[in-house]
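Undergrad: Given chain A, put chain B in place with the hints provided.
Quick mapping for you: the protein sequence lines, in order, are chains A and B.
Position in the first sequence (first residue = 1) + 2 = our numbering.
Position in the second sequence (first residue = 1) + 80 = our numbering.
Everything labelled a hint here was simulated from the structure, so no lab data went into it.
Idealized CB from N, CA, C, for every residue including glycine.
Hints may contain errors.
[Stated by the list, open to error] Lysine to aspartate or glutamate pairs mimicking DMTMM-like chemistry, simulated, CA-CA at most 20 Å apart:
id: 1; chain 1: A; residue 1: Lys184; chain 2: B; residue 2: Asp228
id: 2; chain 1: A; residue 1: Lys345; chain 2: A; residue 2: Asp47
id: 3; chain 1: A; residue 1: Lys287; chain 2: B; residue 2: Glu242
id: 4; chain 1: A; residue 1: Lys110; chain 2: B; residue 2: Asp277
id: 5; chain 1: A; residue 1: Lys145; chain 2: B; residue 2: Glu270
[Stated by the list, open to error] Examples of chain A residues toward chain B, derived with CB under 7 Å:
id: 6; residue: Leu22
id: 7; residue: Ile54
id: 8; residue: Phe136
id: 9; residue: Asp148
id: 10; residue: Asp177
id: 11; residue: Met205
[As the list claims (entries may be wrong)] Label pairs and their computed distance ranges (CB to CB):
id: 12; chain 1: A; residue 1: Asp291; chain 2: B; residue 2: Asn107; range: 58 to 66 Å
id: 13; chain 1: B; residue 1: Leu211; chain 2: A; residue 2: Ala326; range: 34 to 42 Å
id: 14; chain 1: B; residue 1: Lys267; chain 2: A; residue 2: Gly70; range: 51 to 59 Å
id: 15; chain 1: A; residue 1: Ala230; chain 2: B; residue 2: Lys405; range: 35 to 43 Å
id: 16; chain 1: A; residue 1: Ala56; chain 2: B; residue 2: Gln377; range: 16 to 24 Å
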Amino acid sequence: MSEISINHDEVDIVIGALQLDLTSFMEEWRSVFSQFHLIIVQDPDLKGKLEIPAGFNFDLYTKSDIDGVVGLSSNAISFSGYSCRYFGYLMSHKKYIIAIDDDCVPAKDSAGNFVDAVAQHITNLSTPATPFFFNTLYDPFCKGADFVRGYPFSLRSGVDCGLSCGLWLNLADLDAPTQALKPELRNTRYVDAVLTVPLRTMMPTSGINIAFNRELVGPALLPAFRLAKEGNLRWETVEDIWTGMCVKVVCDHLRLGVKSGLPYVWRKERGNAIESLKKEWEGVKLMEDVVPFFQSLRLSTSVATAEDCVSEIAAVVKQKLAPANPVFARAAENMLEWVKLWKRVRTQ
Amino acid sequence: MAAIEASKSSTPLLKDELDIVIPTIRNLDFLEMWRPFFQPYHLIIVQDGDPSKKINVPEGFDYELYNRNDINKILGPKASCISFKDSACRCFGYMVSKKKYIFTIDDDCFVAKDPTGKEINALEQHIKNLLSPSTPFFFNTLYDPYRDGADFVRGYPFSLREGVPTAVSHGLWLNIPDYDAPTQLVKPRERNTRYVDAVMTIPKGTLFPMCGMNLGFNRELIGPAMYFGLMGDGQPIGRYDDMWAGWCTKVICDHMGLGIKTGLPYIWHSKASNPFVNLKKEYKGIYWQEELIPFFQSVTLPKDCTTVQKCYLELAKQVKAKLGKVDEYFNKLADAMVTWIEAWDELNPSTVLANGSTK
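This is chain A alone, in the form it adopts within the complex (with noise of 0.2 Å):
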């Protein structure tokens, strides 16, 4: 599927371990994950030694190597749970990041063929991104396609592509009310597209299959928004909401493109969504409040790099929403935590 000739050293692939033994999802993946540099991050708050098959190349950071770079100080953001991944995007160079929840293996497409679904991310991070225009044949610079009558012709060089977000077959991404009223829903629907999610327009970034360009929009992939009582499956979570809603915002300011579709993952049954909704459901009606903000947000004209709006949308999170809400006040706390982290490892 991808005609994109892939230059190996420009990509790391970045594991949150949740789980301690990831033999079986790194086994599933070692056709893919072997060629590639790995950064394997292990959730601090998951005790014992992770279990990794031979025969890859990656680096490991544990609770020890956290605390090493980011201090122990009470003010210290914290990376257990799915944000021990962001350490992982801290600690790589390379130009791009592609990041898979521990619980996903390959998908199949409809034919029946395996999914690369790296070289998929790939592909869409280094083929121009179209937001100011939706295409109706979805991405033009995919083979087979192109842009379609009435699409003006100045806007079809398009623009770099900041963000990759693809989707899964099986268990779908849904809520845990959702899940819980459709227990036996799932989705086994494979769309065949990638499209540019257009200018301004705002949507759930899930976190479960995600890439991005680390260079372009790297900082403003953040762990900030912590729910009071946020658990291990990411129903009882919304931080990748949260940091997607940043990075959205962040891409339409530097006229970067967001594109959203393959590629698919299987992602394998874990947990239990009533279960998860009787612990937390404050991410669910938290996001009343997050969605109308940054729908609004507009940033300054004169800020111009990925580091500048995200201590700028921090200001506005403190002085807008955290008055309404600690966790937002310890959101906007953690962003500007976090760009000054970034700038400091940066400059070891």
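TA: Positioned in the frame of chain A, the structure of chain B alone reads:
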């Protein structure tokens, strides 16, 4: 007689609420292939070109047919707003229809097959699209959440899950894709073979190129905005009729909180028109659209535009004010837009409802 399969989710036929509008200059043989799906419905055929030519309608279809003489007779001097020698004349069909929904299709569009080999009932899919809400305010990454087997994803606010009424259903094409002339010239052999199994709402604030080949809409919600402009004979431009209607319609839908969907259904587009002929028609449009797009992207409609007609008349005013300087054509077009609304209101006397909106 008509072999309509009862679909799993039993989509209503809407046979007394929907008209099929078909512009044609040649013949309607293509209807034979569509017979199982179209026969229950009333057809409005708008005959373009030479009115003395007899158009053959296959037996068994219930239809009304209008040629240029009919259009002139019905509209009198207002007939000037309806294009001649261009499929843009189809919008006359929208105006004379008395139904709630319109499906319009070109006479070189046939029944497509889905990847399982099953024939696609495009009309049924359009009806599904139009009868379920749209979600223009926040993008759902699993596309249309109201489809079987889909839903809203994690992070989608519950307050936005009711959606808004769907005004337009924009279908796509397998085989000959809807490319402009330059692209056709460069890629004469390219065929669209990719079946993308999705319907999605085009987000608020985003424009798109609306193709009139395979299109459904709620005439009561958005009909007056579906004017296909001045094209063809005596006009400096062609093949921008549906584009123009689409941009106006999108701006008005965004203003009025209505949704536009794109994606399924696919039809099979069989005929590639001559790219050199197309280039001559489109040539000015290719330059003009560079001005038109910023215009439509920055248009704002005042709050007191509470009906589609009011929105459209306001648009016409702004077209004259801002695009008149691009070319004299836009002054004519702005006038024609006003004539269109006058004609629409004359043929469709409205009842003003209690909330001030018109039906």
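Undergrad: Does each hint fit the structure? Answer for all of them.
TA: For each hint, the structure was consulted:
{"no.": "1", "hint": "A/Lys184 with B/Asp228", "in the structure": "holds (12 Å)"}
{"no.": "2", "hint": "A/Lys345 with A/Asp47", "in the structure": "violated (26 Å)"}
{"no.": "3", "hint": "A/Lys287 with B/Glu242", "in the structure": "holds (16 Å)"}
{"no.": "4", "hint": "A/Lys110 with B/Asp277", "in the structure": "holds (16 Å)"}
{"no.": "5", "hint": "A/Lys145 with B/Glu270", "in the structure": "holds (10 Å)"}
{"no.": "6", "hint": "Leu22", "in the structure": "violated (26 Å)"}
{"no.": "7", "hint": "Ile54", "in the structure": "violated (29 Å)"}
{"no.": "8", "hint": "Phe136", "in the structure": "holds (4 Å)"}
{"no.": "9", "hint": "Asp148", "in the structure": "holds (5 Å)"}
{"no.": "10", "hint": "Asp177", "in the structure": "holds (4 Å)"}
{"no.": "11", "hint": "Met205", "in the structure": "holds (4 Å)"}
{"no.": "12", "hint": "A/Asp291 with B/Asn107: 58 to 66 Å", "in the structure": "holds (59 Å)"}
{"no.": "13", "hint": "B/Leu211 with A/Ala326: 34 to 42 Å", "in the structure": "holds (38 Å)"}
{"no.": "14", "hint": "B/Lys267 with A/Gly70: 51 to 59 Å", "in the structure": "holds (56 Å)"}
{"no.": "15", "hint": "A/Ala230 with B/Lys405: 35 to 43 Å", "in the structure": "violated (59 Å)"}
{"no.": "16", "hint": "A/Ala56 with B/Gln377: 16 to 24 Å", "in the structure": "violated (55 Å)"}
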